Amino acid sequence: MNFLRFAVRRLLEMAATLFVASFVVFGAMYLAPGSPAGFLLSGRSASPAALQAINEQYHLDDPFPVRYLRWLGQVLHGDFGRSLTYRTDVSRLLADRLPVTLTLVAMALLIVVVLGLALGWIGAVRGGAADSAVLVSTMVAVGTPSFVAAVLLQGLFAVRLGWFPSGGAGQGFADTVWHLTLPAVALALYLVGLLARVTRSAMLDELGSEHVAVARARGVPERRVIVRHVFRNALGTVLTTGGLVVSTLLVCTVLVESAFSVGGLGQLLELATTTKDFPTVQAVALIVVALFMAVNLLVDLVHPLVDPRVVLGARRSAA
Amino acid sequence: MNALDIRGLTLRLPATARPVLDGVDLTVGAGETVALVGESGSGKTLTSRSALGLRPAGSTADGSVRVAGTEVLGAGPAVLRALRSRTAAMIYQDPRAATNPLRRIGDFLTESVLLTGALDRAAADRRAAELLDAVGLDASVLDRYPGQVSGGMLQRVVIAAALMGDPALLLADEPTTALDVTTQAEVVALLDGLRRRYGTGLLFVTHDLGLAAAISDRVYVMYAGRIAETAPAAALFDRPRHPYTAALLAATPRIDAPAGRLAAIEGQPPDLRAELTGCPFAARCPLADDRCRTEAPRPRPAPGAADHLTACHHAERLEGSAANV
Chain X
0 MNFLRFAVRR LLEMAATLFV ASFVVFGAMY LAPGSPAGFL LSGRSASPAA
50 LQAINEQYHL DDPFPVRYLR WLGQVLHGDF GRSLTYRTDV SRLLADRLPV
100 TLTLVAMALL IVVVLGLALG WIGAVRGGAA DSAVLVSTMV AVGTPSFVAA
150 VLLQGLFAVR LGWFPSGGAG QGFADTVWHL TLPAVALALY LVGLLARVTR
200 SAMLDELGSE HVAVARARGV PERRVIVRHV FRNALGTVLT TGGLVVSTLL
250 VCTVLVESAF SVGGLGQLLE LATTTKDFPT VQAVALIVVA LFMAVNLLVD
300 LVHPLVDPRV VLGARRSAA
Chain B
0 MNALDIRGLT LRLPATARPV LDGVDLTVGA GETVALVGES GSGKTLTSRS
50 ALGLRPAGST ADGSVRVAGT EVLGAGPAVL RALRSRTAAM IYQDPRAATN
100 PLRRIGDFLT ESVLLTGALD RAAADRRAAE LLDAVGLDAS VLDRYPGQVS
150 GGMLQRVVIA AALMGDPALL LADEPTTALD VTTQAEVVAL LDGLRRRYGT
200 GLLFVTHDLG LAAAISDRVY VMYAGRIAET APAAALFDRP RHPYTAALLA
250 ATPRIDAPAG RLAAIEGQPP DLRAELTGCP FAARCPLADD RCRTEAPRPR
300 PAPGAADHLT ACHHAERLEG SAANV
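Sequences listed follow chains X and B, in order. 0 is the number of the first residue of the first sequence in numbering that gives the first Met the number 0; add one for each residue after it. 0 is the number of the first residue of the second sequence in numbering that gives the first Met the number 0; add one for each residue after it.
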């Protein structure tokens with residue numbers, strides 16, 4: 000199957016999945032206890048007339064399919080409705096917050112990839128005490144939830160040492176990076192440990208393989224054997240965790256952004272959920288689903304370039 | 000100068016009671032084909048790998064291994080790199096396992112000579128094209144991955160790759176075991192042709208006596224880490240002087256002999272964990288007596304044939320008959 004046909008097919012699949020996801024996202028909020036009207040009135044008893052006005056403004060009296068289709072039509076035009084909490088367009092909210100979250104996730108991803116691969120490499124190639132250190136530190140990293148890491152990092156580097164700010168997103172590039180460093184580390188910690196362990200065991204597998212012994216027996220210098228045969232071959236295995244890594248980042252960013260008051264998409268989702276801000280929750284959930292699927296598509300498209308044995312469109316186990 | 004000269008090679012592994020290789024003497028002349036025959040665990044693969052300076056981790060070695068005049072035992076990394084990329088090369092049992100599935104065949108052919116600086120890019124590409132032609136493959140395989148060609152084709156690639164540095168010594172470790180029978184014959188014929196064409200000494204490691212007889216000038220028979228017998232191929236098969244060789248011959252199915260029961264060799268080779276006194280084959284040998292169990296036999300030449308050496312106290316009793324064992 001050629002690249003273009005595969006990409007088109009996967010994009011159509013993605014659209015179908017997003018359609019189903021939109022239905023679930025829209026429906027789930029209505030199954031949850033409480034109603035938008037109840038939140039807007041926040042416990043006050045309202046006159047039937049006021050209630051009627053709210054229901055009309057938000058079309059709450061229409062049957063479910065009508066409401067869903069109206070919402071979907073607006074979403075397709077880029078209109079996610081008005082936030083109940085912030086009283087502005089949800090699309091404005093998203094435009095403000097998405098860049099912060101994307102920056103934070105990108106920084107965390109960079110830390111995960113660089114540190115995870117490096118630690119896995121050191122553990123597998125050096126062995127001995129270095130390997131033990133890698134194993135212990137990655138076990139600690141994997142065992143530390145991101146919200147715990149956030150509190151610890153805040154306490155040490157922001158409050159005690161004062162090296163980094165304890166919250167906020169900053170302005171301009173350098174200031175943003177400075178503000179987002181601690182959140183990114185907190186977000187990355189667990190995945191650094193995970194990726195290091197995956198990399199280490201994939202490289203150990205390759206180190207024990209015959210083609211590596213053959214390369215050595217042909218006089219290929221050891222460093223080149225590690226790069227060309229061990230690390231290169233381990234990359235395929237590492238790449239299959241890509242979907243898991245990114246989805247974990249998107250989920251955990253909710254906790255970390257709240258802990259550091261970063262003011263990104265995750266914090267918005269957390270606030271919107273607790274306040275039953277339906278339009279906002281729906282929009283953020285859809286965007287997270289779309290991001291996750293885009294990353295998985297990217298991983299699938301890149302995989303055959305990393306491993307020629309992988310055939311585009313062939314059945315595979317999900318990452 | 001001999002392609003390979005092994006003298007008194009003794010190899011000890013940690014936590015074993017006896018050496019896994021015990022005083023092995025083996026020579027491969029320039030352009031000569033020598034077969035090294037033995038059952039699994041006899042040490043034939045360890046012997047051939049020692050020519051590339053490859054030893055199991057934690058092992059200790061005594062004796063001498065010279066490849067084209069260069070001492071390999073205790074050689075430094077630079078000497079070993081030059082040896083492995085230019086002087087000696089190995090062909091492996093399973094070409095699928097020996098090649099990296101993620102790298103193109105062209106890359107596999109040239110990587111050893113390029114990364115060790117033996118050849119520059121242009122010379123390596125020329126040599127690769129020439130050798131692919133010599134092994135009967137089209138240059139289009141250069142851009143393919145190992146998974147995209149058949150096992151027989153891939154073994155030809157591995158053979159071509161072994162010849163890239165124009166080595167004096169080619170080590171073939173059961174190169175046909177993983178291939179089907181018709182491909183086996185092609186690969187053997189190809190190896191023989193290439194050996195003549197490039198004047199390479201060939202050490203052919205196999206457990207297949209019939210194959211050894213067909214391809215080699217001389218044969219070494221190995222048992223429990225020692226050379227039991229060595230002779231020119233014809234002499235060894237016509238007049239084996241070691242009971243083990245005779246038993247191996249009797250256990251080999253023959254197409255020209257009446258189909259009877261094959262004579263299996265009773266018992267097991269000696270355990271590496273047990274001390275060994277006397278002849279290693281004594282426990283399984285019909286001719287064994289007290290002397291065999293206490294005194295290790297030294298290799299002795301046959302009368303009138305200095306190149307037929309047998310490590311057996313009773314070599315004379317076997318003279319001329321493979322059937323009475």
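Please note that a few of the clues may not be correct.
Derived coverage of chain X by chain B (criterion: at least 3 residues anywhere in the stretch with Cβ under 8 Å from a Cβ of chain B; other residues may be distant) [to be verified]:
#1 20-30
#2 198-210
#3 230-238
Short derived list, chain B residues pointing at chain X, Cβ under 10 Å [as the list claims (entries may be wrong)]:
#4 Leu51
#5 Leu53
#6 Leu72
#7 Met89
#8 Gln147
#9 Arg195
Counterexamples of contact, computed for chain X against chain B with all Cβ distances above 10 Å [said to hold, decoys possible]:
#10 Thr16
#11 Glu55
#12 Pro62
#13 Trp70
#14 His76
#15 Ser90
#16 Leu101
#17 Val113
#18 Gly127
If you are wondering where the hints come from, they were derived from the structure by calculation, not from laboratory data. The structure presented is a predicted model; accordingly, all values stated were derived computationally and were not measured. From the three backbone atoms N, C-alpha and C, an ideal C-beta is built for every residue, glycine too.
Fill in: Hints violated by the structure (listed by number, smallest first)
1, 6 and 9
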